[in-house]
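Asker: If you want the building blocks of each chain, they are given just below.
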Amino acid sequence: MFKKSLALLMMGALSISLLSGCGGAKTPAPAETTETTAPAATTTGGDAGDNLTKSLAVDVSTLKSSDNQPLLLKTEAKEIPARPEDPKALPEEDPLHWYDLEYSGWSAEKVNIPKSPADGSIGKKVTLIVHGDHPYVTAYIKGAQQVATAYGMELNVMSPNFNVDVQNQLVDQAINAKPDMIVEIPTDAKVAVQQFRKINQAGIPLIAANTLPEDEGMKYVIGWAGPDDWGQMRMLAKTFAEKMNFEGGYTITQHAPGGSPYFSRTYGIVTELKKIAPKMKLLDAQAPGFEAEKTMQLTSDWITKFGPELKGIMAADDSAQQIGINEACKNAKREDIIRIAAGNSKVGMDAVKAGTVTAITYQSAEADGAVVLKMAADWFNGVEVEPVRYLPKHIITAADVEQYMPAQW
Amino acid sequence: MQANTENQDVRKREMGKVSSIISKLGVYVLVIALMILGTIISPKFLTTSNFMNIIQAVSLLGIVAAGVSFVTYSGNFVDMSIPCIMAFSGMIAVDTLKYGIVVSILCGLSTGLVIGIINGTVVGKLKANPIIWTLSVAFVGSGFMRWFYSGKQIYPDVNGGAAAEVFISLSRTNVFGTIPLIVIVMIIFMILGQFVMTKTKFGKQVKLVGSSYEVAKMTGINVNGVVSGAFIVTALTASIAGIFLTSLAKTGAFYNGEGYDFNAVTAIVIGGMTLTGGRGDVVGVLGGVLVIGLLSNVMTLIGINTFSQSIVKGIIFIAVVGINARSLRKLGRDDA
Amino acid sequence: MLGRLESSEGMMRDMDTKKILNKLDYYRIYMILAVIFILMCLFAPNFFNTFNIINILKGMSLNAMVAVGFTVVMICGQLDLSIGSNLTLGAMVVIGLQPTLGWFPSLIVAVLAGSLVGAINGFLVAKAKIHSFIVTLGTMTIVQGLIFLISKGSALSVNDFTLADWLEAPLFGLFPPRVIITVSIVLIFFVLVKYTKFGKGFYLVGGNKETAWLAGLNTDLYLILAFILSGTTAALGGALLAMSISSAVPTLGVSSQMVVIAATIIGGTSMAGGTGDIFRSMIAVLMLVVLFNGLMCLGAGYEVQIFASGLVLAAVVLGESYALYEQDKVKGQRPALMAELKKGAL
Amino acid sequence: MNEVFSLDMKGVSKQFPGTLAVDNVDFQVKAGEVHALLGENGAGKSTLMKMIAGAFSDYTGQICVLGENVELCSPSAAKAKGVGMVYQELSLAMPLTIAENVLAGRLPTKGKIFIDKKAMREQTIECLKRVGLGHLDPFSCIKEISQQEAQLVEIAKTLGNNPNILVMDEPTSSLSREEVKLLFGIIEKLKKQGLAIIYISHHLPELFEIADRVTIMRDGKKIGTYNIDEVTTKSLVEMMVGRPIDDKPIKVKNQVLGEEKLRIENLTRNGFFHDVSFNVRANEVLGIGGLSGAGRSELARGIVGADAIDSGKIYIKGKEVRIKNMSQALEHGVAYLTENRKEEGLALRITIGENILAPLLKKHTKNGIYSAKSGASEVLEVMKELKVYPPDPTVTVGNLSGGNQQKVLLGKWVATKPQILILDEPTRGVDVGAKMVIHDTIRRLASEGNAVILISSDLPELVALSDRVKIMKEGRFIGELIKEDLSEETILLAANGEGDKLSEDIYAS
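Residue numbers (my numbering), protein chains in the order written: chain A, 120 to 528; chain B, 55 to 390; chain C, 6 to 351; chain D, 1222 to 1730.
In short, the hints are calculated from the structure, not lab data. Bear in mind that the values here come from a model prediction, so they are computed numbers and not experimental data. Among the hints, erroneous ones may be present.
List of simulated lysine-lysine pairs, DSBU-like, C-alpha gap at most 35 Å [to be verified]:
id, chain 1, residue 1, chain 2, residue 2
1, C, K134, B, K253
2, D, K1534, C, K348
3, A, K183, A, K207
4, D, K1563, B, K253
I would like the entire structure built from these sequences, with the hints used as guidance.
Answerer: Spelled out as structure tokens, the structure:
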């Protein structure tokens, strides 16, 4: 009796899981691409040169992301100061204290990087290992997919839900699948190193994305492409300072601890303001997580504690946190508090439009995904690839928010 | 209990009076203590606005806790599927906004209802372990959500149209000018919960089931129904909280409501309920919720950082429960 | 009783069928594993090859290690929610101290740190008599807070990969040292707990604390030991993972906790205590990893994986409770009368 | 002469916070004697025994075992001194196997570490044989065996330690007459082997069968020690309750029986009881005798709908009814007092009042609102009538003595004003005082025009209270005895109509 019922349930469980397996596979959407690239893939068999010319002929400038911006934005360079011998010795308010977190990659001398086949991108298999499930990542994948499709590459996505242990397994699994290239968003800058080494040793070309790995890790990658979070924060800080007339106390609601944004979106602001607006004073910084109600309480507490002293609030996340802050300010009749936020979510954009938030960073998730795949395609096509590609920095304010609508996520 | 002589019974009865008073006041002692501490450290602490902040901040937790307390009261520990229910009903509500606000809220609630019924029947009839079962429901649920909405988050004003305004304003409207709707709802739920738990047949049945499943069964109580009832109440309150949360965040996302399962049980247990069931009441739970709110408020006012805050919370949590356990053992009820 | 004897032969048959059922129940997890494995071999692309099998084994090691202590805690009828933060603790300590102490000493310290947390849990549960769910929920928050506080929320790493590579490189073509260490520790404690006089004490404590005490066992000590073991293996597991990637993040163990709980239950350990064993917990962990890995090979996203593992867990819980439900119905039936009924039917 | 006692306690006392449970007691037990220890619940005898079993480390006074002065401060210490204790409540680990329980704490090992499964099997079987359970599989779980078997396993477990002092606390409370007989056989054997046996029981007739000497305790003090032939049931009871009482429950002729309250026709639950038919009338007490495990409790559960019946009809006051669950049973005025108080009878963690009002929730719920107040008077009334001590409805039931708990349990059902009351072992393991109160209540209920069905293994009780006794065996009624020819002997004979293979089997082994 028992066994029978159990067996039944088991089979049910499995069949359903397998079924939904196929369903799930569709959503990250390698399924369609396989069809589109199928013919291309065959041609690769034919003549490499031909394939290369085809690939090089691909025009991606017309591609648009869902916010009607060009999908492939002009990437920016960034000037790199000299590394102090011991950054950690410097005070946290000194931008160079965070040198290793911000400026990695350029100085790293590469190890055992495979040479570009230069035989065209069409039909190449690329495995994208993201760091976890998040709407941003969903949009990111969308962008990556567009470019992949355009270049006739087959994209396969893996997600470990922000769990290092699982991501390690995925790296091994990706290696096992022997794709033509692996693109990875590491769950953490430091953990990345060993993962990158493995991929590198397996002789599979690797591009790091979105989250900057440590210098040590950059040795093993063809290149890195993603947003210049620190740079963005500096610009944001500038706008922030201007709005605050370079004076007054401010607080920061931090990103979830245990990731690089936790630092960039705290100290990127702190260090810059220290420099450009020494009169501005950091009152408090706390990490309430991405929970509107928690942030709301935190903000209310701040308003109670610091009163008129509190002139501005910076939020590491422009959706849940930013909403919490707004509600708190509204309830406390402190709409005068200058509010800025990092991120580029719909909620954030709406807030900017509504005027409750002064400025947010423009970080196009789709472009973020696109630029990486572009880098991959370039490499396949033998185009020279610089070690680091930064997305352009831009701060969205009420002035230009309209042209960035509708938001990507 | 054989060794009880008459005078020991008497003694126990005296003890009973004393420590039952203690265990009744218990959590509120802490509340008062925190308030005194607050007034000492900050002159702005004793202001209506500050209190309104605290209450508003914990109101969602309060709504959830009021419901979950029934599951705990019925001796079924905690409903681990709370976050899943909150997120799911929120998303469904947003998804169905196009059919009007009423429909969407009803759909949201019914989502919770369905999960509640499933939990209730499995735990109530088959006596599955509540923690594990609800845990597996949470797994399945959140997996399904991510798959169904393919990892995206959905927005009321995109899907909603006209109804969106109303939906978003749900957690933003103030009643009588100053008091937010959420707070009112929380207070209503607390009062309702207290009333149902202590003054109605259902409440008494839940208590009996919590005290002893078998006895309740042999006393002619429909245990299956009662346990299901407890889980359904929980699920419903959770989905109401979920809808409010979604409306507050203006986003329906699978990660909404994370952590509410443990936060709720924390509040409940601080509030003097025992996981073994049958003891405590919603007033106590309210106290527990207030403690959580006051704690972070006071600590922020002092200027303790996030990490130290969680440490303090953990210590206070264990300490409070330890004290409750002792006062209960004094009563010869070694079941904390 | 007379009835039993009169129909003792019929009853023996009854007993035998019961035994077979119990046996089947005991090997349940192996069957689930087999079914899933075979299905995956049939349908999942590049699932069945040495490299991937090694991945699976490596993927198993962390949670299998954590499950060792956790299973013992469950056998004692308790629950330990602090395993997640404990394994993070182990990982952070080992990496944090390596530069100053070197690998082995820092490993020792890391493991001891875990044991300490475990000891505190055990003490609060056994002596202060607070429900383990609450104690460990509390220590979970405290430890996680401490980790963040001390690490300032940043990850740690060392750029020396000799040990990491050694731990990861398969010996005999199939078993990386990390896996060997894990499996051997699992086996050691499996035997220690299941087949030694001392170990059986855990089952007795879990089965009935009073009885255990009357039988002259130091029940409090057993409880404390169980929690210490849980803290230790959790920290050890975390440390091993950290060593094999030469780095650690302060959020390492967050999602492990629920997986381990699920696996232990699927492995046949009951929350009531007194039953279950460590080896089957490991097999259950393995089963989940195979499921994850296979689904990933099939191109399914994370959502499908938790969905599937949730279904398996649900199926097991349902199956178990339904079985008990059925047993209750027929418990105490008289074979003699049933025999009559059968005759009547013919 | 000063003979060496197996156990010699001099001036021992045990202080519980707020009370002196055992007050300066001297207590000697000779080798090879069965020494009965008597006293109402709360008289301190269990505490005294726990002391011997090493449950307390903080007793005062001197304990000598076989002449040697010992400190019995832990169970293991006591065990080492050869003290074995059979507890009243089963102290077995349900999820574990019989073997693991029987050999708890002394599992046989290979090389001091690893368990020797073969030896386990042998030793267990050997132990089980001593209590006539040789046929059980040592590796089947306790869950899988009956309560009676479990009780005997418990004894086997204690004997396994080869004690020279054996303490038995209510060992017969859940045993049928048969098993009691078998147990006494075992005790006799142990006596011959020179064990000193301390035997606690509320069941006085047993004592006269088995005991050599008897010691009576009251309020933690020792009243006296006598040879069994110096005392009578009456004198014992008087010493226990500390006041003169009328002789053991006398049969009062009930007035003429009224209309039929309940009729059962061919009631069947497959495998549990088959085509059972009987009827009860107003003012009647129908006893149901037979060996425990004969299917009597199952029958009761079937009638009240706790378990689903497969066929048969139930008539209440001549009207056929379908009872699917307890609440329906209550609606039809049928109440069922379950046999195991702690599991199914009373919720120990809530108060007396709440327990008594539990079945009356509906009654005291007026337009949705439940008020305990409206029930308060009922509670007090019931408690008063049953002389529940303490007379305070706010006391947690768990803090009451066994006797008082049983009174509350009866009160809980009396409060529902049932017309048909089914009592399953209503006086199991309760002290004489409580027993008398309960018997009086049963008589009163019957005399007030209700029908009572009394399931009991306590033969004097059956004889004293019943107007008729149906004998059940193997899930069937095999006979009926009417008042005139009711006696313990007749019931026994009827119950064992087919001779007792059981005991033969035992003595064979």
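Asker: State for each hint whether it applies.
Answerer: Quick rundown of the hints versus the structure:
no.	hint	result
1	C:K134 <-> B:K253	holds (32 Å)
2	D:K1534 <-> C:K348	holds (23 Å)
3	A:K183 <-> A:K207	violated (42 Å)
4	D:K1563 <-> B:K253	holds (27 Å)
Checked against the numbered hints given earlier, the structure breaks only hint 3 and satisfies all the rest.
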